[in-house]
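There are 4 protein chains.
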Amino acid sequence: MTSGAGQLLNPLLGSRALGEIFSDRGRLQGMLDFEAALARAEAAVGVVPAAAAPVIAAQCDAARLDVAALGEAAALSGNLAIPLVKQLTALVARQDSDAARFVHWGATSQDVMDSGLVLQLKAALPRLEADFARLIDTLAALAARHRRTPAVGRTWLQHALPVTFGLKAAGWLDPLLRHRERLAELKPRLLVLQFGGAAGTLASLGDRGIAVTEALARELQLAAPALPWHAARDRVAEFAAWLGLLAGTLGKIARDISLLMQTDVAEAFEPAGEGRGGSSTMPHKRNPVACAAILATATRAPGLVATMLAAMGQEHERGLGNWHAEWTALPELAIATAGALEQTADMMAGLELDPVRMQRNLQATDGLIMAEAVMMALGGKLGRLVAHDRIEAACKLAAAEHRHLREVLAADPVIAAELDAASLDRLFDPLNYLGSAEAMTDRVLALYQAKSQERR
Amino acid sequence: MTSGAGQLLNPLLGSRALGEIFSDRGRLQGMLDFEAALARAEAAVGVVPAAAAPVIAAQCDAARLDVAALGEAAALSGNLAIPLVKQLTALVARQDSDAARFVHWGATSQDVMDSGLVLQLKAALPRLEADFARLIDTLAALAARHRRTPAVGRTWLQHALPVTFGLKAAGWLDPLLRHRERLAELKPRLLVLQFGGAAGTLASLGDRGIAVTEALARELQLAAPALPWHAARDRVAEFAAWLGLLAGTLGKIARDISLLMQTDVAEAFEPAGEGRGGSSTMPHKRNPVACAAILATATRAPGLVATMLAAMGQEHERGLGNWHAEWTALPELAIATAGALEQTADMMAGLELDPVRMQRNLQATDGLIMAEAVMMALGGKLGRLVAHDRIEAACKLAAAEHRHLREVLAADPVIAAELDAASLDRLFDPLNYLGSAEAMTDRVLALYQAKSQERR
Amino acid sequence: MTSGAGQLLNPLLGSRALGEIFSDRGRLQGMLDFEAALARAEAAVGVVPAAAAPVIAAQCDAARLDVAALGEAAALSGNLAIPLVKQLTALVARQDSDAARFVHWGATSQDVMDSGLVLQLKAALPRLEADFARLIDTLAALAARHRRTPAVGRTWLQHALPVTFGLKAAGWLDPLLRHRERLAELKPRLLVLQFGGAAGTLASLGDRGIAVTEALARELQLAAPALPWHAARDRVAEFAAWLGLLAGTLGKIARDISLLMQTDVAEAFEPAGEGRGGSSTMPHKRNPVACAAILATATRAPGLVATMLAAMGQEHERGLGNWHAEWTALPELAIATAGALEQTADMMAGLELDPVRMQRNLQATDGLIMAEAVMMALGGKLGRLVAHDRIEAACKLAAAEHRHLREVLAADPVIAAELDAASLDRLFDPLNYLGSAEAMTDRVLALYQAKSQERR
Amino acid sequence: MTSGAGQLLNPLLGSRALGEIFSDRGRLQGMLDFEAALARAEAAVGVVPAAAAPVIAAQCDAARLDVAALGEAAALSGNLAIPLVKQLTALVARQDSDAARFVHWGATSQDVMDSGLVLQLKAALPRLEADFARLIDTLAALAARHRRTPAVGRTWLQHALPVTFGLKAAGWLDPLLRHRERLAELKPRLLVLQFGGAAGTLASLGDRGIAVTEALARELQLAAPALPWHAARDRVAEFAAWLGLLAGTLGKIARDISLLMQTDVAEAFEPAGEGRGGSSTMPHKRNPVACAAILATATRAPGLVATMLAAMGQEHERGLGNWHAEWTALPELAIATAGALEQTADMMAGLELDPVRMQRNLQATDGLIMAEAVMMALGGKLGRLVAHDRIEAACKLAAAEHRHLREVLAADPVIAAELDAASLDRLFDPLNYLGSAEAMTDRVLALYQAKSQERR
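Chains as they are written, first to last, in this note's numbering: chain P, 1 to 456; chain F, 457 to 912; chain A, 913 to 1368; chain C, 1369 to 1824.
What the hints contain is simulated information worked out from the structure, not anything from laboratory work.
In this text, a Cβ means the ideal position worked out from N, Cα and C, and glycines have one as well.
Hints are not guaranteed to be accurate.
Unchecked claim - Straight-line distance between alpha carbons at most 30 Å, and here's what the computed DSSO-like set of lysine-lysine pairs gives:
#1 A:Lys1034 - C:Lys1555
#2 P:Lys396 - P:Lys381
#3 C:Lys1490 - A:Lys1363
#4 F:Lys542 - P:Lys396
#5 P:Lys451 - F:Lys643
#6 F:Lys578 - P:Lys187
#7 A:Lys1308 - C:Lys1454
#8 P:Lys86 - F:Lys852
#9 F:Lys907 - P:Lys122
#10 P:Lys451 - F:Lys907
#11 C:Lys1749 - A:Lys998
#12 A:Lys1363 - C:Lys1819
#13 P:Lys187 - F:Lys643
#14 C:Lys1749 - C:Lys1764
#15 C:Lys1490 - A:Lys1099
#16 F:Lys542 - P:Lys381
#17 A:Lys1099 - C:Lys1819
#18 C:Lys1819 - A:Lys1034
#19 F:Lys837 - P:Lys86
#20 C:Lys1555 - C:Lys1490
#21 P:Lys451 - F:Lys578
#22 P:Lys187 - F:Lys907
#23 C:Lys1454 - A:Lys1293
#24 P:Lys187 - P:Lys451
Said to hold, decoys possible - Now the stretches of chain A that chain P is said to cover, found in silico as 3 or more residues with beta-carbon under 8 Å:
#25 922 to 936
#26 1217 to 1229
Stated by the list, open to error - Short derived list, chain C residues pointing at chain P, Cβ under 7 Å:
#27 His1527
#28 Gln1630
#29 Val1633
#30 Lys1653
#31 Asn1655
Construct the complete structure from the given sequences, taking the supplied hints into account.
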């Protein structure tokens, strides 16, 4: 069998668990699980002989297939289902030629392939949800633990105002709570049987199409759709979009951690470990390896989501080529996003913080970071714009002369008239200018608690 | 003021209503509505003098702004809020210099701009929902009316089996019902106030940040978030993804109609109309103008969604450039998708069908389209694969010799032994091989009814 | 080793040859080829002992590596080069501990990985160029053979005017000639050594960095860059864009063939073949399998190109995550596009045409397709707009009454006054209204000839 | 007329000059310039009366059009050309009804629209090229001026090794030289007439199609294509890809500058200016406004390029919807990228550097940044891996005990045996470990010089 772009990078850039699920073998087994369940369901409904079902099901094991031959044959038939059904039929025929007549009865290639995919997704979700829960719990703990740890707030990559590290963690947690809600909402739309036969009417099952559909869905523990979704791809595209949204949030977290881990900032660090993040040539380096992997996924995800959306225009009762485009895009996106999730959960669980350096960085601008605090105090007295302009001038002076802002302000008679030394001391303590940071952190934690209880 | 890529194409490629809402003026008014509400909320909470609020609110009218100057100033300040607040403060100051001190009190540029955007989205949703409802009702009526109208089912762009036109309509309707469900789910996550002050702590409001947040949310009839979402962009990215999913489904409908409207197929047509779809040079042409507009949106949407997802990695407490990327991407996507929705609703409301041509096309393959019907009948007797191979040979012979398949089959003694003339007659009537098409259509219509009742 | 999204689909959706080149093993061998050449170049320049080079080079064989261990280690180190260098050093040390000291001397991980990638691309290009030449020659032959074969010209998916099939083929050929030109232009920018050491200064080589660079480039038969391109990714992004443009053109060809192969059109067909394009359930189906594969690539390519462009913002002297994003995106795009190219070349080489059906389709509109011919003839006499409106009315009448347009025109006294029966006969022969179709075809063929001679 | 997503943001996020060129009026005037030239060319060739040309040309002024009516009519006709030709014909008819008969003679809507677009691109290129030249010259001067200015080299956002600021500038310059080369190569493929009539055969011009094509191309100073490119969109898609590549490089520059401008790094700054980069609430802020605008474009470009690539699959002789998708995507991409280019040129021209801070940052890691220098010196003596491990341990010790690496090394007897104090002094001076940085800078500058001379 020819080889693709390789699997070597999966431990770094993807999830091993989902890599197994979406491997060639996983794909084939998903399809075979469908064929086995189909035989059972049709036997139960009386569409095929009861005796055929166990014989067929017994052969539905990917290990029995000639995988290389399947790949070659797919290039002629245009999909994997046709040669798989042929191989399966031959296997069954060796046991029981009567049973072999009923393999794949009433189904079409897309039924097998789409339902097989849904079964793979169904197997993948618990893995993904476990890492999800782990990350959410970790962030909640981090937010709680650091609800009063002062840190530099940065906007436009510039020091802005003091915040707390707890608020930062709460800010990462909050969208993840929404992602979990979204996943709960979309799951019933995603974990749905595909079954329509050649053109979506189940014509070959006569008037028993719906009965087989219901039985088959029960067999596979999937929902039965109102009608087949051969050419209505919103179910899988929605899941891709969800993965893209999740990858975006994970990328935001990794972006933040990697910026905090800059040698020049040094406030937070990926967990250290033997052989982790070293350089082939620079002995002193400690590279943000997890961030790199997560950001790689965040860079790739938008293009893969775009592919899934672009593939939605599937023609008539079955698309041409656009359906094929999904076959690689969705598994890749799922493997990569699950990998990024796992890396983020690991990274945050072992995150190292340096609150001393945070404090030092808060002082690095000689008081400029407290400028708004002073301005607001003055604003109530002099008006917001006047205060703004006066403080802006003081900031410029302080920066130009490398003096502390507090000192420049104390030297300004207009300001000194309004704010005495004690007031300035108070205004220049970051802990006195955290506004609603703690209240906000608590609000997110309350949401987290509520959601967690709901789930029990 | 310089001009962008132009507005001329909006009536064709976008929605006029959303074009108004997301116009420059709409954008500014959204921001001013926030400033007015902020003043009222802060007066209510006692953060600013009660007298200031009505004076400020009275100036919050986009018509009073010097728009060109705003654009120029934004190039220096990096956003529109800074010069807007300056102009607004000057306007208020002309009325009451005391009140002017309290303009924009405690807020940051992103509070104004994001909340303004959310207000625009809130105004846009009812327009979009109205067309949505219209399209859904139209498709339900179409599905009901044509639940037994036989039509050619096509897979891979090839004739496959008979279906019904009702089933086709149900297949377009079904994902739209899910899109409506998705919209209902995401709305509470989207229509949410943005309010955090300079670094998301509302520090300048001391301990009254949450109180002002709640009052402001009430003023604007938006939800109050647990904490600001300055750098957590999943709310808007999710809406973008939803628009992308909707555009994908609309594109699928337009793809189908345009294929059915091909001169060579001629089964369905966009509504005709004076001056509609003519050519500048070919007097006989009737172009699928609505399909073109809808497909244009479906082509553009994946890239715009990708932009919104790529923009999610916003740094620290406020992003750099990625937030800016949203400013054009989301409105463009909303205008385009709403336009496509409107065009689809209009197109389907006036859709012209030619059931006679559908019948003719069903006959066009000299019986080949009924091959599966015969195969299934034979399959029960000879086994699926044997029947498949025998019928496939007959199909090739019929095609090669330009004979009707029925005739070839009748001449095959093995087949003739199993199927007599009456059986063949029955097997070659499309209406006898529709399987569960009607039942499926009814299932979707039942879903539609249930959802419609829920909404009342 | 864990498994990715699988390799099973490569024969269908990708190129086997490029699949081999970009396989895990191909990736590792490219890196090892770099290490071997580095040792030789440094020995030649005198940076490492002459004796070390052959010892190192002898171990540079991917078959000697523990591949699974590499994947695991890469998850810790963040790239494959670090563990690969470790394994290689250990292998060399077993032979000669002195030589082992000089493995990877002066290089950084990215030097190995990027140069290895470039070597893979260098190996891939001749395969791609061979299929390219084959496709171009095939299309040129098709254009020449059918320069006067009349066919339906379709715009907006509607019959427009007669064209020739030769012109259609020339229209597919023309952009491919430009793609070949583009490839020739970009190759010197792409096939370029990466070599810069830890931060791109080759500091560890002292003043011999440039000398080693030049020697190494000679060893690998790559160009030496002015400076390393660790964080300037336009070279690989340009190639990705080229692949995207090529995929776009191939997608256009496949779109056209698949539309022509519709049961309802039936003018052109993918080559038939045993087991090719059959359906698992419908014995009469002949599916456009190659078109599906090509269209799948055309659907995936824009997202993959977008990923490569989005990855360009690589930070400082080496990017974080964005470089990682390239590792899968570029090989996948190359494998998929090369596969689509191969499929297109095969498809066009065996394309089956039905000129009789083309003629029949030209007649299918009862003369409407010749409406412009008549209008132009009239236009010179009555004015373009008047003629347009009159003929438009006649077209509508003909369509409404199912009469031939010639008959309706002949019955219109104003038109009959200008055009007698012989004139109408002439005007209704498609061969008389081909305009410059043949001249245009010849122009493209002349370009093809000129380009082909240049290349010899 | 309805309004789009607005023009207000153009001064910030786009180019004013290109905004004018691609405005509604610019679009219409491009189309009218085509119509005027067509009349002249056809008069010259004798296809239309010589007297008609000046009468037609005299009306080809966008100011005479009813623009709002055009937009409305386009929604019915599906493009702007049909109503524009109607309005133009009416205008000409008021002057001379004979001349009016020859308006748009032989052309189709797409001829007008595509050629009009090419004329807009032709007008835009010199603006873009001027900023391009300015940026390239600025970067060359910066590279030359700072060829020995030591600076921190950073990989993975970590301090790696010393580099020079000149090398950084050369690294920004180098890809821009290639982009200029690419633009020169693609221009002849881009600035090409579109002219094919209804289905690309110029049938309505009889045997004079090629003659008119050549004359028209001369009139418009565009190249004449071998055949029309109505449905072969590689010409415009290639330009889009080029814009995407350029945006990627500009994004990389802006990413770097914004990282260098972080409060925590403070090595380089966007030019300051009255009202530039201030915050609405924080008087001390100096925001990287230009970087934000450039990064916004770099974020948007991949999605817009993807749209242009996705739009390439245009059906038969004219596409359905995909052509429409280009109408907004290409102008938006051009306006945004040209704006980013202008912003980058301005930013780099006024870039402020702080070499003192660069020195300070080089010292910030207590010698760790020189670790590789020491390792290489030791490596020749102890072997690369041994040296690597020994130095790595020393680095960890130095970091853990907050000691300078030089001190830790001096205390290690194995190391002290190989490196005396003078050697260590030399090894810890960044200027002694710049490798080929200057030579590389010179190589890029030589390339710049050579390219600049070529262009004269």
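For each hint, the structure was consulted:
1. At most 30 Å may separate the alpha-carbon atoms for a hinted pair to count; lysine 1034 of chain A and lysine 1555 of chain C meet this at roughly 27 Å.
2. The straight-line distance between the Cα atoms of lysine 396 of chain P and lysine 381 of chain P is roughly 22 Å, inside the 30 Å bound, and the hint therefore holds.
3. Taken as a hint, the lysine 1490 of chain C and lysine 1363 of chain A pair is honoured in the structure, with Cα atoms around 27 Å apart against an allowance of 30 Å.
4. Proposed proximity of lysine 542 of chain F and lysine 396 of chain P is supported: the alpha carbons are some 21 Å apart, at most 30 Å.
5. In summary, the hint linking lysine 451 of chain P to lysine 643 of chain F is supported, as the alpha carbons are separated by about 19 Å, within the 30 Å threshold.
6. Our distance criterion of 30 Å between C-alpha atoms is met by lysine 578 of chain F and lysine 187 of chain P, whose separation comes to about 27 Å.
7. Simply put, lysine 1308 of chain A and lysine 1454 of chain C have alpha-carbon atoms about 21 Å apart, close enough for the 30 Å limit, and the pair holds.
8. Simply put, lysine 86 of chain P and lysine 852 of chain F have alpha-carbon atoms about 21 Å apart, close enough for the 30 Å limit, and the pair holds.
9. Our distance criterion of 30 Å between C-alpha atoms is met by lysine 907 of chain F and lysine 122 of chain P, whose separation comes to about 27 Å.
10. Note on lysine 451 of chain P and lysine 907 of chain F: the hinted pairing holds, with a Cα-Cα distance of about 27 Å set against a maximum of 30 Å.
11. The hinted pair formed by lysine 1749 of chain C and lysine 998 of chain A meets the criterion: a straight-line CA distance of about 19 Å does not exceed 30 Å.
12. With a C-alpha separation of about 27 Å, the suggested pair lysine 1363 of chain A and lysine 1819 of chain C falls inside the 30 Å cut-off, and the hint holds.
13. Under the criterion of a C-alpha separation no larger than 30 Å, the hint pairing lysine 187 of chain P with lysine 643 of chain F is consistent with the structure, at around 18 Å.
14. As the CA atoms of lysine 1749 of chain C and lysine 1764 of chain C are separated by approximately 22 Å, the hinted pair is consistent with the 30 Å bound.
15. Pair hint lysine 1490 of chain C plus lysine 1099 of chain A holds up; C-alpha atoms about 27 Å apart against a cutoff of 30 Å.
16. Between lysine 542 of chain F and lysine 381 of chain P the alpha-carbon distance is near 19 Å, which keeps this suggested pair within the 30 Å criterion.
17. For the hint pairing lysine 1099 of chain A with lysine 1819 of chain C, the CA-to-CA distance comes to about 19 Å; that is within 30 Å, so the pair holds.
18. With a C-alpha separation of about 27 Å, the suggested pair lysine 1819 of chain C and lysine 1034 of chain A falls inside the 30 Å cut-off, and the hint holds.
19. Distance hint between lysine 837 of chain F and lysine 86 of chain P is fulfilled; the C-alpha atoms sit about 19 Å from each other, no more than 30 Å.
20. With a CA separation close to 9 Å, the supplied pair lysine 1555 of chain C and lysine 1490 of chain C stays within the 30 Å bound.
21. Pair hint lysine 451 of chain P plus lysine 578 of chain F holds up; C-alpha atoms about 27 Å apart against a cutoff of 30 Å.
22. The straight-line distance between the Cα atoms of lysine 187 of chain P and lysine 907 of chain F is roughly 19 Å, inside the 30 Å bound, and the hint therefore holds.
23. Straight-line distance between C-alpha atoms of lysine 1454 of chain C and lysine 1293 of chain A comes to about 19 Å, which keeps the hinted pair within the 30 Å bound.
24. Among the hinted pairs, lysine 187 of chain P with lysine 451 of chain P is consistent with the structure: their alpha-carbon atoms are about 17 Å apart, no more than 30 Å.
25. Residues of the stretch 922 to 936 of chain A lying with their CB closer than 8 Å to a CB of chain P number 11, which satisfies the three-residue condition for coverage.
26. Counting residues of the stretch 1217 to 1229 of chain A whose beta carbon lies closer than 8 Å to any beta carbon of chain P gives 5, which meets the minimum of three for the stated coverage.
27. With a cut of 7 Å, the hint placing histidine 1527 of chain C at the interface with chain P holds, because the nearest CB-to-CB distance is about 4 Å.
28. The criterion of a C-beta within 7 Å of any C-beta in chain P is met by glutamine 1630 of chain C, whose closest approach is roughly 5 Å, and the hint holds.
29. Taking 7 Å as the C-beta contact cut-off toward chain P, the hint placing valine 1633 of chain C at the interface holds, the least distance being around 5 Å.
30. The criterion of a C-beta within 7 Å of any C-beta in chain P is met by lysine 1653 of chain C, whose closest approach is roughly 6 Å, and the hint holds.
31. Nearest Cβ of chain P to the Cβ of asparagine 1655 of chain C: about 4 Å, under the 7 Å cut. The hint holds.
In terms of the numbered hints stated before, the structure departs from none.
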